[in-house]
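S.K.: Sequence:
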Amino acid sequence: MKRISLLTCAIALLFVTCKKDDHLSPVPDEFKALVGRWKLVATYDYINDDQPILWTPTTGEKEMTLNANGSMTGDYYRHDYNAFKVGTNYNYVRPFDSVIFVYQHNGTPKDTMRYIIRKLDADTLTLNGFCIELCGQKYARIKQ
Numbered sequence: 001m002k003r004i005s006l007l008t009c010a011i012a013l014l015f016v017t018c019k020k021d022d023h024l025s026p027v028p029d030e031f032k033a034l035v036g037r038w039k040l041v042a043t044y045d046y047i048n049d050d051q052p053i054l055w056t057p058t059t060g061e062k063e064m065t066l067n068a069n070g071s072m073t074g075d076y077y078r079h080d081y082n083a084f085k086v087g088t089n090y091n092y093v094r095p096f097d098s099v100i101f102v103y104q105h106n107g108t109p110k111d112t113m114r115y116i117i118r119k120l121d122a123d124t125l126t127l128n129g130f131c132i133e134l135c136g137q138k139y140a141r142i143k144q
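Everything in the sequence shown is counted per the working numbering, starting at 1 for the first residue and increasing by one.
None of these hints come from the bench; they were simulated from the model.
Quantities reported herein were computed from a predicted structural model and do not represent experimental measurements.
Incorrect hints may have been included.
[What the hints assert, rightly or not] What follows is a set of in silico ranges between Cβ atoms, one per label pair, in the way DEER data are often shown:
no., residue 1, residue 2, range
1, Ser25, Asp121, 18 to 28 Å
2, Thr59, Ser25, 18 to 28 Å
3, Glu63, Lys119, 10 to 20 Å
4, Asp50, Asp29, 41 to 51 Å
5, Gly60, Gln144, 19 to 29 Å
Glycine residues also receive a C-beta, built at the ideal position from the N, C-alpha and C atoms.
Using the sequences and the hints, build the whole thing.
M.R.: Rendered as structure tokens:
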């Protein structure tokens, strides 16, 4: 009986000491411009070579907040855990900066999406998805 009590205490202590945020990756200094509130303002999908890429303004309010600790929140990311990681990746041609969004629900990974960071400045974030055809999202920074 004493062993069961000790085992129960050890398991309880393990749950108390493990934090949900232990697996977050803080944003590296070179990507600090990502931190903040962003509003999705336009998207595009590539149709074919005969037509130019046209940005389509989005309807409705779609926002996300990227935090310095690597966590994220947003009104269209409705999971119990959202995080992002950034870094420079290398392909056969040249290096590119990317961001990976990770979504979980009840501790189970639901989705992981990788984007190339095409533009990042004080007011604009443009991401290209890894689509067979081209696709992208444009965000505007929400000023506090």
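S.K.: Between Thr59 and Ser25, is the Cβ distance one that fits in 18 to 28 Å?
M.R.: 33 Å, violated
S.K.: Could you tell me whether the CB distance from Asp50 to Asp29 stays inside 41 to 51 Å?
M.R.: 43 Å, holds
S.K.: Given a hint of 10 to 20 Å, does the C-beta separation of Glu63 and Lys119 actually sit inside it?
M.R.: Cβ of Glu63 to Cβ of Lys119: about 19 Å, so the range 10 to 20 Å holds.
S.K.: Between the beta carbons of Gly60 and Gln144, is the distance compatible with 19 to 29 Å?
M.R.: 22 Å, holds
S.K.: Indicate whether the distance between the beta carbons of Ser25 and Asp121 respects the range 18 to 28 Å.
M.R.: Between Ser25 and Asp121, where Cβ atoms are some 23 Å apart, the hint holds.
Hint compliance for this structure: hint 2 alone is broken.
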